[in-house]
Amino acid sequence: MFDATDSAASGSTPGVQAPRVGVFVCHCGGNISDVVDVKRVAEEAARMPDVVFTTTHMFHCSDPGQALIEQKIREHALTRVVVAACSPTLHQITFRRAVERAGLNQYLFEHVNIREHVSWVIEDKEAATAKASRLVRAAVNRARLLVPLDKRRIPIHPAALVIGGGVAGLMAARDLGDRGMKVTLIENRPFLGGRMAQLWNVFPTNEEARPLLSNLVRDVVKHPLITILTGAHVVNSEGVVGDFKTKIKIDARGVDERLTYPGNAIAACPEETISEFDFALSRRKAIYMPYPGCFPPIPAIDWHTCTKCGKCVAAVGGKGINLDAKSRELTLHSGVIILATGYDPYEPLLGEYGYGIFPKVITLQQLHRMLDPEGPTAGALPFDSNTPVRIGFLHCVGARQIDGVNAPQPDGKVKDYCARTCCTAAMHAAVALRERFPKSHITSFYQDMRTYGRGHEEYYEQASQQGVLFVRYSPWHPPRVDKDRTGKWPVVVRTNDLLTDGLPIEVPLDLLVLATGVVPHDISELVTMYSCAVGYDSFLLEVHPKLRPVELAVSGVFLAGCCQGPMDITEACSAASAAASKAAAMISQGQVEMDPFIASVDEEVCTGCQTCLTVCPYDAIVRDEARGLAIVSEALCTGCGTCAAACPSSAIQQAGFNDRQVRAEIDVLLGV
Amino acid sequence: MTTNGATSDRQPGKLRLGVYWASSCGGCDISLLEIGEHLLELIEVADIVFWPCVADFKYRTVADYPDGYIDVCLFNGGIRSSEQEQIARLVRRKSRTLVAYGACAMDGGIPALANLESTREIFDAVYHSNPSLQNPGHVEPQTHWATPHGDLELPRLYPQVLRLADIVEVDYQMPGCPPVGTQVWKVLQAVVAGEVPARNAAVRVGCDNRSVCDECHREKRKVRIKEFKRPHLAIPEPNWCLLEQGFVCLGASTRSGCGALCPKAELTCRGCYGSAGLATDQGTAMLSALGSVMDAVTEDRANELVGQIADPTGTFYRFSLASSALKAHRKP
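Protein chains in written order, with the numbering used here: chain A, 737 to 1408; chain B, 1236 to 1567.
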């Protein structure tokens, strides 16, 4: 079972001390020892070759527990340390540091998880002890073969790339700039501002959205350290933390600052298309500006609609418009990346709650555009303020859906998560409508009222006081939106009101507003490029929601705002500031320390089969054509281990996880 | 090849050669004939002192040799029975150099695939449930039998096939099912000249240090595998890597030396030359490689693709189950 030559071999390698293994088994205050007989685990480990010391401790992570490890390393001249305790995500670093303080290389330490993997999941004491013992003995057998390793240090290029020019991206860019960091902000639309620019008024301050946004945009635009690139798409990304090289393509705008009277050019344009900014409530020209105060304050040309007829050029005397402008490519060098790619409002399916069938069924986003004084209707709704107009809000459209009840989305799934912002947004709009139309009757059809944020519940209170009628529907029986048979009303909502014991209720309406959910903006290409973790809801997944809330598992990539999940502006801004602060902290370090677990090719052994080239997700392996060998680029290798696993001749070995070490562990696990 | 003065192992006079056949098909014995006319040269310099396949040697004859009498013994076949273990120990004692010759002695070979079954299941299949069998009395071989002339002791079947190196110390490994003639002759020449590498069970002779891919003329196009095909159900495109075409070719995880015989004949490499490079578990090495180059992003798709591989154990561990981490199927 135990390769007798192993000890001798590692002992004779220069700089590698012969194994003298110490095993420390933690009680975790009873978390482990209530189920696992830790004493027996230690005793059985003691019978393994090269084990010279074993003990148990109530809390090895405590100061005395760590001090004990340090003391025993010195006392017994231990050269390998195995700690059996909780998950390595929790205390691996703690113990590595303890080992290092005792003068031992921190990678001569092996962590065994006998809490999450054993005591918390196994009730049977005998079985749990047997498993813990085997895991520990396997770790010992592996630890015998460990060799000292040095951390890798990668210098960080002192610049940040922020992807996304919405409120989160702007905020992150401003915060980074204010910390003295060089920032490039790229936005793939021709204008900054993202989704916030489309809102009329925002909770919880009842401020108009765009003036608020303009303040932020102004800060960013005039910031000397921030470069803004609009119409910019990420084409390709190479490199790792500290040294990202992002290739971007910048669409031709067709218009530059010399265009002094954009209005003339826009008026001259004969081509029209649906305005995406107004959610199809209006039409815009091929040369367009979404709203008067937009940034950049010059129009852009939509090349799909433009026929290059030249009328705009003629209207402005040829100054500032170039219909033959070409897109260009650029490579941005940055040490860190912040993803602020935002969200899209849920677009109801055709016929979902009458959407797309009844003209008087609109989304909350469309309502915002209509209420906006600069919007398509100049802030007017098609009602007289004195008429007793009937307006309904339907909550949870494209949110909290139930598989089997709601129609699946094109991806085959239902949107089963809470979009978090729409309850408050609907209440905020309801209150505003009540103010503008004092004689209006407003009904809110909801499942659960989730006005959860600070200052949000007040909107619900206010709406209640102002006579908004609440009808609670069951998610298993969503309301039906029909034509009114009498023809008197544009639409009728039928449902069963749970607040009145499920009585059937029929509410005729002049206008039905769908409070739609939040879906992540489609960034599948970026997801592949940066190997982002994606949650079940298709939003990007942070490393840990509490302890590392704005970091992706890919080192050096941070998350800001709605790319991570539904957030209101307040939350998106907090997240953006957090991401900026994490990113700035990383840049300030000047270098990143990385675990030394990188792959290397044994040139004597490599057979040139090229399997690794196919599998490396980071393009860190190249082929030396002359010698027919694979070469790993250390700077690009992230230590994912894919190539080492794939290499059919084991010519690729990963430091810290070489075949002998892994095999030694498996041998004991299998009881070979 | 480095020499380590192994000539001193060699006794004066003609070389004494032994060949033994344990748990294997006999192909290895025949492979020695593949050296063709060189056989005459061999006989010039070597005496055959033990080779039950070609001449009558009693075990007692061998037992009576002084220890170390045989200069080189080429031992083919794995260890499946108590008799084979006994002979392995005997020839080890009598031989200065013991070579695990061929895939079975080295890695268990095809017979080791029976390690997937227990002895009981093997007996059931061979003596009871086999459809072409007539065994009304349900007779099974016994290890003891009392006769009027005395008790007979017959060899016992082991629960699993072991490698020669699991039983005795082996000086060299020589892969192949069977080893190819050119390699056999190279090794014999080296032995005769005394130019053998330092003794080490890990040292393989009669092969090269790269993988079959290295000897294979087929071109890699760095594409992921979209579908697995069985060799008899599709015609491979010539000159294009068989694995990339979806034929489960073990060339990438197999030691070179055979000259890529199979891929050159439009057949997949079956892996008889054992693990390549530093890999110790050929089947796992190939599985990991395959898992990484399949065009499968989702688990469902991966399952679908893997489901297209008939007999995965027999494919990936065809010659090396006894050397693998699996070794044998342990029934609860």
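Simulated from the structure, these hints should not be mistaken for lab results.
Incorrect hints may appear among the rest.
Lysine-lysine pairs mimicking DSS-like chemistry, simulated, CA-CA at most 27 Å apart [said to hold, decoys possible]:
1) B:Lys1457 with A:Lys983
2) A:Lys808 with A:Lys775
3) A:Lys1224 with A:Lys1175
4) A:Lys1149 with B:Lys1461
5) A:Lys981 with B:Lys1457
6) B:Lys1562 with B:Lys1499
7) A:Lys1096 with A:Lys1055
8) A:Lys867 with B:Lys1562
9) A:Lys867 with A:Lys981
10) A:Lys918 with A:Lys775
11) B:Lys1455 with B:Lys1421
12) A:Lys918 with A:Lys983
Simulated restraints, written as ranges between beta carbons of each label pair [to be verified]:
13) B:Lys1461 with A:Asn972: 22 to 28 Å
14) A:Asn972 with B:Arg1536: 50 to 56 Å
15) B:Glu1539 with A:Ala1114: 53 to 59 Å
As the structure is a prediction and not an experimental result, all values here were calculated from the model.
C-beta: ideal position from N, C-alpha, C; glycine also.
To see whether the hints hold, each was checked on the structure:
1. B:Lys1457 with A:Lys983: holds (24 Å)
2. A:Lys808 with A:Lys775: Measuring from Cα to Cα gives roughly 17 Å; hence the hint holds.
3. A:Lys1224 with A:Lys1175: holds (18 Å)
4. A:Lys1149 with B:Lys1461: Distance ~26 Å between Lys1149 of chain A and Lys1461 of chain B Cα, so the pair holds.
5. A:Lys981 with B:Lys1457: Holds, at about 25 Å.
6. B:Lys1562 with B:Lys1499: violated (31 Å)
7. A:Lys1096 with A:Lys1055: With Cα atoms ~44 Å apart, Lys1096 of chain A and Lys1055 of chain A exceed 27 Å; violated.
8. A:Lys867 with B:Lys1562: Holds: Lys867 of chain A and Lys1562 of chain B sit about 22 Å apart, inside 27 Å.
9. A:Lys867 with A:Lys981: violated (46 Å)
10. A:Lys918 with A:Lys775: Distance of about 56 Å is beyond 27 Å: violated.
11. B:Lys1455 with B:Lys1421: Outside the cut-off at roughly 31 Å; violated.
12. A:Lys918 with A:Lys983: Since the Cα atoms of Lys918 of chain A and Lys983 of chain A sit roughly 18 Å apart, the hinted pair holds (cutoff 27 Å).
13. B:Lys1461 with A:Asn972: 22 to 28 Å: holds (25 Å)
14. A:Asn972 with B:Arg1536: 50 to 56 Å: violated (26 Å)
15. B:Glu1539 with A:Ala1114: 53 to 59 Å: This hint holds: roughly 57 Å between Cβ atoms.
Hints 6, 7, 9, 10, 11 and 14, counting from the list given before, are not met by this structure.
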